[in-house]
Structure formats: structure tokens, C-alpha cells
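The listed protein sequences derive, respectively, from chains F and C. The first sequence begins at 2 in the working numbering and counts up one residue at a time. The second sequence begins at 138 in the working numbering and counts up one residue at a time.
Because the hints were derived from the structure by calculation, they are not lab data. Just so it is clear, CB atoms sit at the ideal spot from N, CA and C, and this is done for glycine as well. Fair warning: there could be bad hints in the mix.
Quick partial rundown of chain C residues pointing at chain F, CB under 8 angstroms, derived from the structure [stated by the list, open to error]:
(1) N262
(2) E438
(3) F439
(4) L451
(5) E481
(6) H484
(7) M517
(8) S518
(9) A522
(10) I525
Heads up, simulated SDA-like pairs for lysine to any residue below, C-alpha to C-alpha not over 20 angstroms straight-line [said to hold, decoys possible]:
(11) F:K21 with C:K139
(12) C:K513 with F:L20
(13) C:K513 with F:V17
(14) F:K84 with F:T72
(15) F:K9 with C:A455
(16) F:K9 with C:M138
(17) C:K139 with F:V8
(18) C:K528 with F:G18
(19) C:K493 with C:A147
(20) C:K509 with F:K84
(21) F:K9 with C:E277
(22) F:K21 with C:L520
(23) F:K21 with C:K528
The chain contents come next:
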Amino acid sequence: MYNDRVVKEFSNPQNVGELKDANAVGTVGNAVCGDIMKIFMKINENDVIEDVSFQTFGCAAAIATSSVATTMIKGKTVEEALKLTNKQVIDELGGLPPQKLHCSVLAEEAIKEAINNYLTEYKNKKNKV
Amino acid sequence: MKRIYLDYSATTPLSPSVLEAMTPYFTEHFGNANSMHAFGQEGAYAVDSARRKIAELLGVKPTEIYFTSGGTESDNWALKGCASAYSSKGKHIITSKIEHAAIISSCAQLEQEGYKVTYLPCDNNGIVRPEYLEEVIDDETSIVSVMLANNEIGTIQPIKELCEIAHRHGAIFHTDAVQAIGSIPVDVNELGVDLMSFSGHKFYGPKGIGVLYIKSGVKPDKLIAGGHQERTRRGGTTNVPSVVGISKALEDALANLDKNYKHIKELRDYFVAGVEKNIPHVVYNGDRERRLPQNANFAFEFIEGESLLLTLDLNGIACSSGSACSSGSLEPSHVLLATGLPVEKAHGSIRFSFGKDTTKEDVDYVLDSLIKAVSKLRNMSPLYAEFIGGKK
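So that you can see chain F by itself, here it is in the shape it has in the complex:
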């Protein structure tokens, strides 16, 4: 069902776990749908994503896309990360079965959610200080 790249990424995912000093956190999905992705980022003063990690509850496609998407945005600027599309994530994985395409949307949405939270909350607080 899955190609070798997806299986490899699923069985040995990168950037798993909670990032203790994250300043951008985003969660999308819900347990009822069977998919939740939580993303943690450490964004520096130059708006560069210094470190990123994830926690995912979901199928193999959800875990593989989480792994690849976090790898793809590591070291990128916030602006660049916001441009990441689910299509790019799928291409990086060499394709997903049709019924699994929605799982890749989750990664894109989680990244956007985390960055939006960062821009609205964290930066606001910083400006006030």
C-alpha cells in the first residue's frame, strides 16, 4: 500500500517528541477523526526555525508526513515554512495512496497553526515587554 520511502519514514521518524523550549506550538486534527498532529518549533529572533519536533496520533501516512514536513522546514524562515504545501510533502515522500492524501494536509495545517500562534501570541508578548 505504501511505498518504501513512506515505510522508512514511518518506521524511523525524525524529530519526534516535545521540544522543551519551543516558542511556537500548534495542534490540528482530533481523536475522533483518528488524526492529531502537534508541532513544536523554536523560532529565533531572525524568524528562522532553529529546531522543530512533532507528536502525532494517526496512521502511518500521518506519521511519515509529520516526519518529512518537520525535516523540510528545519532551518527555514517562518516565511518559507508558511509556503510549504501538502503537495510538496507528498512529492518528497514519493506519493501517498489516494485515501491518505488528507493526512498530508494535516502537516501543512499544523505548521501554519504553530506559526500563527507564534506570530499572534509570542511576538505580541515580546513587543509589550
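Go by the hints and put chain C onto chain F.
Chain C only, in chain F's frame:
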């Protein structure tokens, strides 16, 4: 890599003795069992013998045994055939919420055609209690169909009691016995059912062959129109090798029923105890007592079933997830939801089904891999992190 098959409820390997019995009917005795000549008569004789053998094993008449292409066709025929044949009595059909897709989908089609279908609930253990039927059955009810044993959680249904209620209201009773035949003792006469479906490949027989038992006097309309096969009630050239195969497989299964039951149940119980001792936050789905010996079904909280299935598969272990994406459908198991299991736990449910060739070493290997796999996936899960965080 070690490979361990724990999906015997999905299908079983053909046993060598069955293959041996079937082989001549592919090659030297290839005749069409409907042909008058000697070639055909060899086939006809084999089919007759198989039919008589199956009837004898089940304690019924040979004329009550009809060969089909499998459990799905038997279910379709029983339900649709009786629905139309007995529509003058009424257009109300009763089944349960935990039936196999062959029944659920047939009912959905009948609903489209104007039949009213009532889906009986089950209790939290997955048992369709007779009082549920008593509440909804009426004089318009023409057929009641409840499975003998459930394919996902292995619960054994009170068929005799359900059948008595149906008969008291003049309704025909059908049971899907696909999971039960060859696994537990089934006495058709004691149960009192009018129709019963089963399938060859669930008890080490070939795929693509099934039986519909139809009690004398019960006359479902035809599902497959064709030639004069099966006393003109089911058309299509008789699949002679597979008919020989299902007969031989049933004979073997029933001859070894006690021995296999004991072996399989012991290993299943050992596995269940191992899981419950070593893995916290699991739900053992189904009923502990009224259950097929081969079935174990667990919800592993905080993780999703498909990722667990795939992790085990990468370790050479084959099991099944009724849930989520694995089967192409994104809905969690309708059976688990019917038992009242919350959706998120239904997503994390896995079925392990054991067979006569499973060994204790296999179970130990699976337990070891399972403990590691659950732990690995939980460490990735935001739900688990939240749960652990909440406890601190």
C-alpha cells in the same frame, strides 16, 4: 525475518490433505458436473458425495445443502431471496448492528427497494440480547438474520433464543456462521435456524466456495439465475474441485474440533493474559466467556490501529485492524462502535486471530514485538503526552 500469521479469521491456508483431495478435479476429472457423459458424471459423483458428506457432518439432509461462491453470496442469497419470496408476509427485516458487510450492504440495498430494516443493538460486550429482538419484532417481520459469531470481536450470539422468537412470530431465521463453523461446535438442528451461511476458506479449505444451508420447505427466490445446477436454484457451472475441497476441509475441521479448540484457546488466553499484564491502558473488546477461541481484540489507547498494524507487519506479524484507514474506509469499526466503545478507542483497535498451527513461541514473539510497538507509538502520541502530563 520471522513471519507470524495471526489473521486466521481473515483466511486460513489450504491444508495439504484438502489440496490433495482437490487436485484430480482440476486435471484428470475435469468434466462439467452437468454433462451426461462419463467425464461429467465423475464430477457429478464427486459433488454428490461432497454434498452428502457435508449434510452428514451437519446432521441435515443433502437436499438442504447448496453450494455458492462463498459466505458473501450465501448471505446475499439468504437475505434477498427470502425478502422477496416472503414479502407477502411483510416487508420488515431485522438484523443486527454488528453483522458482516455482506449482510449490512444487502440490507442497505433492500432498504432502497422499499423494505424496512431494523438493526438490533448489542450490549457493551457485543451480545445481541433476545429481549432486543422481542421489542421490535412484529407481524410484518419476514426474516431475521443474526450472525452466529462475530468476525471482529468473536462474540457468540444466542441464536437458539433469537430463532425461537423469530419463529413465534412466523419469521424465517438466517444466521451467518462463517466465523463459527470449524471453530466451535454448531448443531443446526439444536439452533433451529432456517438458513445458515458458511465459507470454505475459514477452516483450511479453498477460497471462492461457500454453502447456504436451506431447511426443507424454505424457498428463497433465486439470486443467480442460470442452468439447472443446485436443483435449479443457483445457476453456474459447479466448481467441482472447490466443492470437493470444502467437504474435505469440513470433515477434517470437525474431526479435530476439540483438539484445535483447546490448543487455540490456550494460546489465545495466554496472549490475552500477556497483553493485560504488560501493556497498560488497553481495553479487551468483546465478551470474555461467549467468544470464539481464536479471537482476541484489543483497543490500545492513545494510538491509532493502522500504525500499530504496520509496525507489527514490519516485524513480520500479520494481524488485522477493523478500524480507520487500513481497509480503505476512514470510519472506525461499526462493530466496536455498536458496543459503545468511544470512537478514538475504536480507532486504536486490533484483532489477533489464532490458528491450529500457531505456537507458544509465536505468541511470545508477538507479545515482545507488541509491547515495543505500543510503547514506540505512544511515545509519539500527543494524546499519551497529554495523559502523562495530566497525571504529573
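Worksheet item: Would the pair K9 of chain F and M138 of chain C pass a check requiring their Cα atoms to be no farther apart than 20 angstroms?
Response: holds (17 angstroms)
Worksheet item: Against chain F, with CB atoms and a cut of 8 angstroms, does the hint on N262 of chain C hold up?
Response: With a closest approach of 23 angstroms, the N262 of chain C hint is violated.
Discussion item. Please check whether H484 of chain C passes as an interface residue: C-beta within 8 angstroms of a C-beta belonging to chain F.
Written reply: Hint on H484 of chain C: holds, closest Cβ of chain F at ~4 angstroms, below 8 angstroms.
Worksheet item: Keeping to a limit of 20 angstroms between CA atoms, is the pair of K513 of chain C and V17 of chain F held or broken?
Response: Given that 20 angstroms is the threshold and the Cα spacing comes to 10 angstroms, the pair holds.
Discussion item. Is the interface hint satisfied for E481 of chain C? The criterion is a beta-carbon contact with chain F at less than 8 angstroms.
Written reply: holds (4 angstroms)
Practice prompt. Below or equal to 20 angstroms on CA atoms is what counts here, so check K21 of chain F against K528 of chain C.
Written response: holds (18 angstroms)
Worksheet item: If you take the shortest Cβ to Cβ gap from F439 of chain C to chain F, is it below 8 angstroms?
Response: At 7 angstroms from the nearest chain F Cβ, F439 of chain C passes the 8 angstroms test, so the hint holds.
Discussion item. Restraint: I525 of chain C near chain F, CB-CB cut 8 angstroms. Satisfied or not?
Written reply: Cβ of I525 of chain C sits 10 angstroms from chain F, so the hint is violated.
Worksheet item: Going straight from one Cα to the other, do K9 of chain F and A455 of chain C come out at no more than 20 angstroms?
Response: holds (18 angstroms)
Fill in: Pairwise hint evaluation, E277 of chain C against K9 of chain F, where the allowed Cα distance is 20 angstroms at most
violated (57 angstroms)
Discussion item. Just to be careful, I want the Cα atoms of K21 of chain F and L520 of chain C compared with a cutoff of 20 angstroms; is the pair within it?
Written reply: holds (17 angstroms)
Discussion item. Just to be careful, I want the Cα atoms of K84 of chain F and T72 of chain F compared with a cutoff of 20 angstroms; is the pair within it?
Written reply: The hint holds at about 15 angstroms.
Of the numbered hints given earlier, the model fails hints 1, 2, 10, 11, 20, 21; all others are met.
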